[in-house]
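Enquirer: Taking the hints into account, I'd like the entire structure generated from these sequences.
There are 2 protein chains.
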Amino acid sequence: MDGRRRDGAVVVDGDARQRFHDARGYGRPLDGDSLALTPVEAAHLLFRGDLHAVDGDGFRAFLADTAPGFAPRFLVYKDLRDRGFYLSPAREGWVADPPGGVDFLVYPRGKGPWDDDVAYRVRALGEREQVPADSLGDCVLAVADEESDLTYLETAEPSVAGGTEFDPPAAVDGTLLDDRVVVWDPPEALHHRGFYGRPLSGEGGGDALQLSLVEAAYLAAEGALALDVPRALERGRAVEGERFDRRLRTYRALRDAGLVPKTGFKFGADFRVYDTVESVESLGHAAYLVRVLPSGHEFDPRSLALDVRLAHGVRKELLFARASDDGPDWLSVSRLTP
Amino acid sequence: MDGRRRDGAVVVDGDARQRFHDARGYGRPLDGDSLALTPVEAAHLLFRGDLHAVDGDGFRAFLADTAPGFAPRFLVYKDLRDRGFYLSPAREGWVADPPGGVDFLVYPRGKGPWDDDVAYRVRALGEREQVPADSLGDCVLAVADEESDLTYLETAEPSVAGGTEFDPPAAVDGTLLDDRVVVWDPPEALHHRGFYGRPLSGEGGGDALQLSLVEAAYLAAEGALALDVPRALERGRAVEGERFDRRLRTYRALRDAGLVPKTGFKFGADFRVYDTVESVESLGHAAYLVRVLPSGHEFDPRSLALDVRLAHGVRKELLFARASDDGPDWLSVSRLTP
Chain A
0 MDGRRRDGAV
10 VVDGDARQRF
20 HDARGYGRPL
30 DGDSLALTPV
40 EAAHLLFRGD
50 LHAVDGDGFR
60 AFLADTAPGF
70 APRFLVYKDL
80 RDRGFYLSPA
90 REGWVADPPG
100 GVDFLVYPRG
110 KGPWDDDVAY
120 RVRALGEREQ
130 VPADSLGDCV
140 LAVADEESDL
150 TYLETAEPSV
160 AGGTEFDPPA
170 AVDGTLLDDR
180 VVVWDPPEAL
190 HHRGFYGRPL
200 SGEGGGDALQ
210 LSLVEAAYLA
220 AEGALALDVP
230 RALERGRAVE
240 GERFDRRLRT
250 YRALRDAGLV
260 PKTGFKFGAD
270 FRVYDTVESV
280 ESLGHAAYLV
290 RVLPSGHEFD
300 PRSLALDVRL
310 AHGVRKELLF
320 ARASDDGPDW
330 LSVSRLTP
Chain B
0 MDGRRRDGAV
10 VVDGDARQRF
20 HDARGYGRPL
30 DGDSLALTPV
40 EAAHLLFRGD
50 LHAVDGDGFR
60 AFLADTAPGF
70 APRFLVYKDL
80 RDRGFYLSPA
90 REGWVADPPG
100 GVDFLVYPRG
110 KGPWDDDVAY
120 RVRALGEREQ
130 VPADSLGDCV
140 LAVADEESDL
150 TYLETAEPSV
160 AGGTEFDPPA
170 AVDGTLLDDR
180 VVVWDPPEAL
190 HHRGFYGRPL
200 SGEGGGDALQ
210 LSLVEAAYLA
220 AEGALALDVP
230 RALERGRAVE
240 GERFDRRLRT
250 YRALRDAGLV
260 PKTGFKFGAD
270 FRVYDTVESV
280 ESLGHAAYLV
290 RVLPSGHEFD
300 PRSLALDVRL
310 AHGVRKELLF
320 ARASDDGPDW
330 LSVSRLTP
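For the protein sequence lines, the chains are A and B, in the order given.
Per numbering that gives the first Met the number 0, the first sequence starts with residue 0, numbered consecutively.
Per numbering that gives the first Met the number 0, the second sequence starts with residue 0, numbered consecutively.
Worth flagging that the hints you see were computed from the coordinates, not collected in a lab.
Heads up, some of the hints might be wrong.
The list treats identical chains as one, so a pair stands whether inside a single copy or across any two.
[Claimed, not checked] Below, a list of computed lysine-lysine pairs in the DSS-like style, where the Cα atoms sit at most 30 Å apart:
hint : residue 1 : residue 2
1    : K315      : K265
2    : K77       : K110
3    : K265      : K77
Expert: Next comes the structure, spelled out in structure tokens:
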């Protein structure tokens, strides 16, 4: 069976509609029994040998004639087909109201374009393509790496809330020491219940508590630390630049939501976050790793793969805090096996 | 017992030499029974209450008077003391031939400055200090994060070699397709024995092999791929810039050393590396994760912590390839609990 290129698609006549669309979910029915295929669909049928040639081109010649960026899309299409899914290119005419920034609508196994269910909205890309953080949240990224292996990353926009209830005590004295703050005589609850700071002598002994600049700036603004708010902010900005304000906004949003952020340094993140803290002794497992993004951030897929792999390995949910006018706009990214 | 500041040190008279140096490894003996302490040592004795004051300053006042960067050094000194080590500041006069770029010489447990053994050469820093990659290889980094928790990272300069023996077959045809290369009719050994490329139909079926640009450029230069070397290089540089040449040099060095590099994308690295590959079926666990550094690279401690944590989690050795005139200069970084 042969096809011909027409208007950026491939048209196949004969009983193509019945063979490829009705039976297997390819393409867009035209008048009669003809079928229009996107280049990716046509390439897949050529690859399988179900289609013989397009304008005389077999699979190899057809592939050589495609535009840059075709390979990742073809590999993802093929992989999802191999996994038993039917899927449609998210192209005007192929699906109703195609969502922006998405390459394929993938139907639940056993379903197809004639049903209304969508299992995944997939965006296919090569590992060298940057991805704006703001374009994610309702799609699956399918990244083809340089060796053509695929990694699927699910993105979502969760709301986050915890169950920690703790009101910091009234103003205690703090001393700014370079890029940290020491509270020499803290009320016990500040660390013990609120999980602020780190005792100077280790978790067991000593009274003095070391606070990070973010903790200090937050507590000072809450009136819980007798330290000039401007001084804390100034020091934070001096050592971190505008990143400090971004991190502080995220820290505040997390505390306000009943969560407890602590440094995520050992995980390469801004914060590890506990859901509910009743006391330091009964501390559970941190539930989230949070990375704070500058506005307009674009992900490098390789760095994203690193963060996702690490979070998965330590069984925490990976959250990115995107800047927005009313506090952070949460984006979660996790591994997916379709 | 009181001390006084003198020439950037703290001098203590009385029986200080006997009490603090001979018995516990602090300071540098002066004439008579006096002892000179570095500010970090003095701060530690003040913290413990073994020293009462320096020029009238107790621990708090002494700390407030220290230079930026003092806190991480003090925290590391204290932590190593808490772990049962004796250590000396790597300062002229305190130790013979103090190594550059190192803050402390740490003696094996049970030993001290009067012995010749050194267990660790420790460089203490805050998480916001950048570290030139070229300054590492024979020291332990001790990083104090913003909450004053410590992470120890051991650095070394290993030599790497594997046991893979495979000579790629003579020139096979390859087609450049955007940012990858397809070999339509590869000899079976190319993938099966040499672990080059990835079959288009998955590991099991199909003949066509997809090569990364790095694999293709290497094979072309070896005469194993009938693809213009300049074309492969040009395409690589077009999609990656000078990073491509760095990665290719590292790839070649690894192959030349009998190792088998494959993409490290899923781990956020440039390559995962197998020690000895006899065939794809009997593939073991990749032994290394390799990240290729641009020349003059400075590590951000947080990113380094991320890489180290991930590599540890997947039980691989983390290697950085630093640029040098004769191929990569290897740097390994791993977690350490002193």
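Enquirer: Hint by hint, say whether it matches the structure.
Expert: We went through each hint and held it up to the structure:
Taking the closest pair of Cα atoms, K315 and K265 come within 30 Å of each other both inside a single copy (13 Å) and across two copies (17 Å). With identical chains, the CA atoms of K77 and K110 are at most 30 Å apart within one copy only, with a shortest distance of 17 Å there and 64 Å across copies. In this assembly of identical chains, K265 and K77 lie within 30 Å of each other by CA distance solely across copies; the values are 20 Å between and 38 Å within a copy.
Checked against the numbered hints given earlier, the structure satisfies every one of them.
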